[in-house]
Amino acid sequence: MPKIAIIGAGLIGRAWAMVFARAGHPVALYDADPKALAVNLAAIDASLADLARAGLVDEPPAAVRERIGAAATLEEALDDAVYVQENIRETLEAKREIFAAMDRLAAPDCVLASSTSTIPASAFTAALAGRARCLVVHPVNPPHLVPLVELSPAPWTSPETVERARALQTAAGQVPILVRKEIQGFILNRLQAALLNEALALYADGYASAEDIDKTVRDGLGLRWSFMGPFETIDLNAPGGVADYAARYGRVIQEQVATQRPREWTPEVIGRLEAERRATLAAADLAGRERWRDRRLMALVAHKRAIGG
7 MPKIAIIGAG LIGRAWAMVF ARAGHPVALY DADPKALAVN LAAIDASLAD LARAGLVDEP
67 PAAVRERIGA AATLEEALDD AVYVQENIRE TLEAKREIFA AMDRLAAPDC VLASSTSTIP
127 ASAFTAALAG RARCLVVHPV NPPHLVPLVE LSPAPWTSPE TVERARALQT AAGQVPILVR
187 KEIQGFILNR LQAALLNEAL ALYADGYASA EDIDKTVRDG LGLRWSFMGP FETIDLNAPG
247 GVADYAARYG RVIQEQVATQ RPREWTPEVI GRLEAERRAT LAAADLAGRE RWRDRRLMAL
307 VAHKRAIGG
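Count along the sequence shown starting at 1, add 6, and that's the number in this note's numbering.
Don't read these hints as lab results, they were simulated from the structure. Take the hints with a grain of salt, since some may be wrong.
Beta-carbon label-pair distances, calculated as ranges [to be verified]:
(1) ALA113 / ALA78: 18 to 28 Å
(2) ARG295 / LEU227: 20 to 30 Å
(3) ALA106 / MET7: 21 to 31 Å
(4) LYS221 / ASP291: 13 to 23 Å
(5) LEU292 / THR272: 18 to 28 Å
(6) ALA52 / GLU238: 19 to 29 Å
(7) ARG295 / ALA113: 22 to 32 Å
(8) VAL223 / GLU270: 17 to 27 Å
(9) ALA285 / ASP64: 34 to 44 Å
(10) GLY228 / ASP64: 26 to 36 Å
Cβ coordinates follow ideal geometry from the N, Cα and C atoms, glycine included.
Kindly generate the complete structure, drawing on both the sequences and the hints.
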C-alpha cells in the first residue's frame, strides 16, 4: 500500500492517521511540535482500542498502530508519499507557507490536500509550480468516525488529482463528495451554518429553550438525517415525490424562509446560551461528554455498516 503523509498531529491529524492506517497504508505523522506529536500518538492508541471494541477495525489495534510512524522532519514525512493531508493552524499565511514547502519537497506526482474548513485552495496554491496537484479535502470532525469528506479543487486543480483523491478516500472507507465550484465554507459548513443561524434566532427570540431546540434535531430531524439527506427526505414526504412536495409545501417554506435573516452572535445571547448549557453540562464534564459522543458515533457507524446503509 502506498505511503500517506499527515502534516499536523492535532485532533484532525491523528484521526486522519487512523483512517489511512486501518485501510492498510503506512502513515508518516509529522508535527513541528515534538511534544504534540507524542501526546497525539498516545491518543491514537486509546482511540484504536475504542474502535476495536466497537468492531470498527478488522484487525488487532496494534497492527493498525504499527503502520503509523512519527516523522522527525517534514522532508522525512513527505519522502515517497503519494498523498499528503495537511492539518496545521487555520490561517492563510500558514497554509501558504506549508504548501510552498510541500510543493518543493514532495514528489511531483504526490497529491497535496488540506483539511482547511474555511479557506479555498485557490487562496494558498496560486503561486505554486505544482498547483495542479493541490486541493482541499475537508473532513468532518472526527474523520475516523464521520466518513464524509468534501473535495474542493481550485480552478487549476487537474481532474486527475481530483479523481486520485476521490479514489483514495473511497478505498479508505470515506465518503467523498465534489464541490464543483469554490465557495466559502464548502457544502457541509454552509448547511450547518443555516441550521445554526435559525436555531440561534429561535433561542434568542424566546421561542424555545436550548435543550428543546437540541431535542428537535436529536429526536426529530436527526433521526432521518442519519440515513438520508434533505432531498431524499422531501421526495418521500409526499405521495408524488419532490414535485408533489414542492406543490404542496413550497410556498409555505418560502414564506418561512422570508422571515429568516442572518443573526449576530451577540454577547448577551451567547451568555444566556452558555449559562443554559453549563447548567446542563458542567465545563469540567465537557471532555467526558466528547468521549461519550465518539462512542455513540462508533455505535451508529457500526450499526449502519451492519445494515448496509
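query: In this structure, is the beta-carbon distance linking VAL223 and GLU270 contained in 17 to 27 Å?
result: Between VAL223 and GLU270, where Cβ atoms are some 22 Å apart, the hint holds.
- request: Mind checking the hinted window 13 to 23 Å against the Cβ distance between LYS221 and ASP291?
  value: 19 Å, holds
message: Against the range 26 to 36 Å, how does the distance between the Cβ atoms of GLY228 and ASP64 compare: consistent or not?
response: 28 Å, holds
- prompt: Has the hinted range 18 to 28 Å been met by the Cβ atoms of ALA113 and ALA78?
  reply: Check passed, 19 Å falls within 18 to 28 Å.
- request: Determine whether the Cβ-Cβ distance between ARG295 and ALA113 falls within the hinted range of 22 to 32 Å.
  value: Once the Cβ atoms are compared, 43 Å apart, the range 22 to 32 Å for ALA113 and ARG295 is violated.
- prompt: At the C-beta level, are LEU292 and THR272 separated by a distance inside 18 to 28 Å?
  reply: 23 Å, holds
- request: Take a look at whether the Cβ-Cβ distance between ALA106 and MET7 falls inside 21 to 31 Å.
  value: 28 Å, holds
20 to 30 Å as the expected CB spacing between LEU227 and ARG295, which holds or is violated: 21 Å, holds
Whether the CB-CB distance between ALA285 and ASP64 falls inside 34 to 44 Å: 43 Å, holds
message: Just to be sure I understand the hint, the distance between the Cβ atoms of ALA52 and GLU238 should be within 19 to 29 Å; is that true here?
response: 36 Å, violated
The structure fails to meet hints 6 and 7 from the earlier list, while all remaining hints are met.
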